[in-house]
Amino acid sequence: MVRHVIRKAAGWLLMIVVATNATYFLASWFLDPRSNYRDLRPVRSEDQIDRALAPYHLDPREPLVHRWWDWLTSVTLHFDWGRSPTGVSVNGEIGYRALVSAELVTLATVLSVVIGVALGVYTAARQYGWADRFSQAVSILVFNVPASVAALLVVFVAIWLNQHAGLRFLYVAGENSPGVEGLLPTIADRLLHLILPTASLTLMGYVGYHLTQRSLLLDTLGADFVRTARATGLTRAQAIRRHALRTALIPTAASVAFSVPAVFTGAVITESVFAWNGMGRYFVQTISKNDVHGTVATAAFAATLTAVGAILADIATVFLDPRVRVS
Amino acid sequence: MSTDARAGAPSGAPVRPDAEPPRAARPAREHAHLGLGRLYARRFARNRLAVAGAVILALLVLFAALGGHLTRYAYTDADFTALTAPPSGVHWFGTNQGGNDVYACAVHGLQRSLTIAVSVSVLTVVLAAVIGSGAAYFGGRVERATLAVIHFLLVVPSFLILALVSHRLAGDWRVLIIVLTVFGWMSTARVIWAVSTSLRERDYVKAAEFMGVGPLRVILRHLIPNLGSLLIVNLTLGVVATVLSETALSFLGFGVQTPDVSLGTMLADGATTLTSAPWLFAFPAGLLVLLTVSMTLIGDGLRDALDPTSATGSAGGRR
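Chains as they are written, first to last, in the working numbering: chain W, 1 to 327; chain C, 1 to 319.
Keep in mind that the hints were calculated from the coordinates and are not lab data. Treat the numbers as computed from the prediction; the structure is a model and nothing was measured. A hint or two may mislead.
Said to hold, decoys possible - Simulated coverage check for chain W against chain C, where a stretch passes if three residues somewhere in it have a Cβ under 8 Å from a Cβ of chain C:
(1) 27 to 33
(2) 53 to 63
Said to hold, decoys possible - Example chain W residues on the side facing chain C (calculated, C-beta under 8 Å, incomplete):
(3) LEU13
(4) VAL17
(5) ALA19
(6) ASN21
(7) GLN48
(8) ASN144
(9) SER148
(10) GLN238
(11) GLN285
(12) ILE287
(13) ALA299
As the list claims (entries may be wrong) - Residues of chain C placed beyond 10 Å of chain W at every Cβ, according to the derived structure:
(14) HIS69
(15) GLU143
(16) LEU252
(17) LEU274
(18) PHE281
(19) ASP307
Beta carbons are placed, not taken as given, at the ideal position from N, Cα and C, and that holds for glycine.
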């Protein structure tokens, strides 16, 4: 069992390495760091620009393979992700942002899974009841709302609530308030800022789990082993919880891994809407500023998140699925 | 089919070519026989939500195609006497910060979004069908390599790469179509591969192989036509997925670029003035949701109508 998880983890590690390096080459091809210097006054010549970029390993005259090798060695040996075209250290930027984003993505994923699975089980047990029909209609609608629209609607509702219901704790911008001192006030302040972005990410994430968990559970509800469980004297609720759900959860657990990229995509938009200084917003900024190293660091972060989600999903599968444990 | 059998069965008479019972049964048989298209249309029409979706989509297409003739403003015209004006008789959906008529922008943006979504979806499905069924048909090393690529691209945050590539290339919506296609075919290809693995074992494929039909021809003539219903459903749902990612890209500024307008760029415009000028956000958001919801309803309806084993299509029951 441990071997199974370790083998999978090694595979994911390889995936992170390949994805990050692929992003490095893509970013080097498609982003032009020189454009940061073109609008400066007095006008720099191309030679001057290239020389300014050289200390950051961004000089386009240097062969791409050399630049890549410099970048790779500095990342692997010193964990130094390089500098932006204007000389800002990427490490300094991502340390704080990665924490902020990881917090958001983790919380939203956990909430989405819990809410989605609970709703899926509840509605599957009451197929075609009014609760089922209603929640399914809502889910289909939410499923089709673009992330940006959903986030903006959450902002709109929050502003309306703040104005009309006199609420003070719904923050629509930023990940913390300036000037908060002390440990407990800081934590409370962070949590309050976390409410709305998490809500809008969860809103977009729960739907998939609801709809798939519902249909997965409906497939197992009619299975023979569930009928046998009922025949041994279990109530319907017990049979669903102990036998049907356990089987139906396996594909859901596996799908968590594949949903993390989507959550991160959602986070890119949510962070932009809520003005969060997280990795998602950093990614948008780095691309607009042609910051090759920053973009690659973001991609590595997203790949790491995916891998962590996938390894957790693998561990969950091991616990849920006896077939994996045996073989 | 089953009604035919029942109509013929009770007669009990020895069946002879000139006997009476079969002739009596013939009108019933002709009544029961429907063309495939008619059958699908009937099964589709039985699903009220799907019909509602089709009506909404038709109205949206009409709006995109003809809505421009109803206003004297073009989406590029700036009315400097009305900057950020609320909806009125002159500007039906109001104007934005630059004085552009939001109605004209919405018509144009919907056109753009629809064109991009439909072309990407068609291209994606074609690409996915060829790759997915090809991988399943050839099997072995080709299959494993293709699946490895698909899984890799599915797990890699492809949106990041999409944003990266389209930032440099886009601005032109035709380039955006290609970029979205290149990074959008994987999940459909995986589904098609999964279904094709059972198709490749069918007798008609074996028969074609024994008759010396080449692999390309087997894929094009025997595998892909048998995936027809799956492809059509994926086509409609692909439109939804494309609209969503195009909106996301344009919203962040990596998709359609400023002189041009799509629903995503309009949303980005409206985002900053959510409380002071809500109409800038409300109209594109409403159109987007109508578009995606109607396409999903149609996709669900088609899935039920085209699936011969689906209970919803044949029985009166609703989903």
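Hint by hint, work out which the structure violates, then give me just those numbers in ascending order. As far as the earlier hints go, 2, 3, 4, 6, 7, 10, 11, 16, 17 and 18 are violated by this structure, in ascending order.
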